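> Sequence:
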Amino acid sequence: MKPVQVLVSRFDLAKGEHEARYEVAPGQQASILDLLRSIVEGNDPTLSFRSSCRVGMCGTCAVVVDGREALACQTAAPPPGHTVRVGPLRNLPVIKDLVVDPAPFFDRYIGVDPAGSGPASGQPAGPETTGDCITCGACLSACTMAAINKEYLGPAALFRGLRLVEEATGAEAETRLRELADGDGLYGCRGHLDCLSVCPKELALPQAISRLKRMAARRVWGLRAGS
Numbered sequence: 001m002k003p004v005q006v007l008v009s010r011f012d013l014a015k016g017e018h019e020a021r022y023e024v025a026p027g028q029q030a031s032i033l034d035l036l037r038s039i040v041e042g043n044d045p046t047l048s049f050r051s052s053c054r055v056g057m058c059g060t061c062a063v064v065v066d067g068r069e070a071l072a073c074q075t076a077a078p079p080p081g082h083t084v085r086v087g088p089l090r091n092l093p094v095i096k097d098l099v100v101d102p103a104p105f106f107d108r109y110i111g112v113d114p115a116g117s118g119p120a121s122g123q124p125a126g127p128e129t130t131g132d133c134i135t136c137g138a139c140l141s142a143c144t145m146a147a148i149n150k151e152y153l154g155p156a157a158l159f160r161g162l163r164l165v166e167e168a169t170g171a172e173a174e175t176r177l178r179e180l181a182d183g184d185g186l187y188g189c190r191g192h193l194d195c196l197s198v199c200p201k202e203l204a205l206p207q208a209i210s211r212l213k214r215m216a217a218r219r220v221w222g223l224r225a226g227s
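Residue 9 in the working numbering sits at position 9 of the sequence shown, and the numbers go up by one each step.
Hints in this document: simulated from the structure, not taken from any laboratory.
Bear in mind the structure is a predicted one, so any value in this text is a computation, not a measurement.
Glycine residues also receive a C-beta, built at the ideal position from the N, C-alpha and C atoms.
Incorrect hints may have been included.
Capping the alpha-carbon separation at 20 Å, the derived lysine to aspartate or glutamate pairs in EDC-like fashion look like this [unchecked claim]:
no. : residue 1 : residue 2
1   : Lys213    : Glu174
2   : Lys213    : Glu151
3   : Lys150    : Glu179
4   : Lys96     : Asp12
5   : Lys213    : Asp113
Now the in silico label distances, taken between C-beta atoms and shown as ranges [said to hold, decoys possible]:
no. : residue 1 : residue 2 : range
6   : Ala76     : Glu19     : 20 to 26 Å
7   : Ala217    : Thr169    : 19 to 25 Å
8   : Lys96     : Thr169    : 23 to 29 Å
9   : His192    : Ala171    : 29 to 35 Å
10  : Glu17     : Arg219    : 44 to 50 Å
11  : Arg219    : Asn43     : 54 to 60 Å
12  : Glu23     : Asp184    : 40 to 46 Å
13  : His82     : Ser48     : 34 to 40 Å
14  : Ser197    : Thr175    : 55 to 61 Å
15  : Ser52     : Asp182    : 24 to 30 Å
16  : Gln5      : His192    : 27 to 33 Å
17  : Ile95     : Gln5      : 23 to 29 Å
18  : His82     : Gly191    : 50 to 56 Å
19  : Lys15     : Asn149    : 27 to 33 Å
Using the sequences and the hints, build the whole thing.
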């Protein structure tokens with residue numbers, strides 16, 4: 001059986017950035033994570049990456065596979081004799097190899113509710129906020145606007161923001177909405193839809209942002225459809 005050629009982005013402060021090639025014999029139904037683990041166990045124990053649950057629930061193993069964000073544990077390895085390129089998430093600082101610093105992502109995510117108060121009480125979430133974000137960072141990595149504007153909140157934070165607005169009541173809901181509409185919040189999105197296809201939980205991220213914009217137009221700026 002021919003091995004899989006795995007091209008992995010390597011980075012450390014001493015050597016800088018380069019790409020390493022490994023030959024790995026894939027097992028049956030192997031994932032990208034299986035290939036990475038095989039490299040560490042048999043080829044190069046210095047390769048660094050993150051993983052935890054291995055069932056697509058924690059988001060820890062998110063990487064870029066052949067130019068597309070994905071969970072390593074849920075992405076099938078290519079057939080024997082083929083080549084795959086694996087790199088770190090984009091728009092986040094690289095610490096070493098495939099390990100990125102998630103702090104900028106979580107700063108955005110927590111920033112929509114810095115007090116950690118959660119929803120006030122109120123209304124059930126709409127269809128745009130169905131499902132739970134696993135905070136993998138794939139959407140921020142794929143977002144072209146996040147690459148341009150480092151202060152833009154990003155899809156995951158706005159998804160959380162919409163849920164908080166929908167579940168809040170009265171003045172609390174309007175305050176949250178105004179905060180999301182200010183500065184580099186929801187209007188930082190230009191509707192490029194980069195986040196749409198990379199979310200491992202298939203969350204309606206663009207639809208959530210569009211709903212926030214409609215809500216802000218009505219409740220913050222006092223606009224009505226057709227005005």
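> Against the structure shown, which of the earlier numbered hints fail to hold, in ascending order?
8, 13, 14, 15, 18
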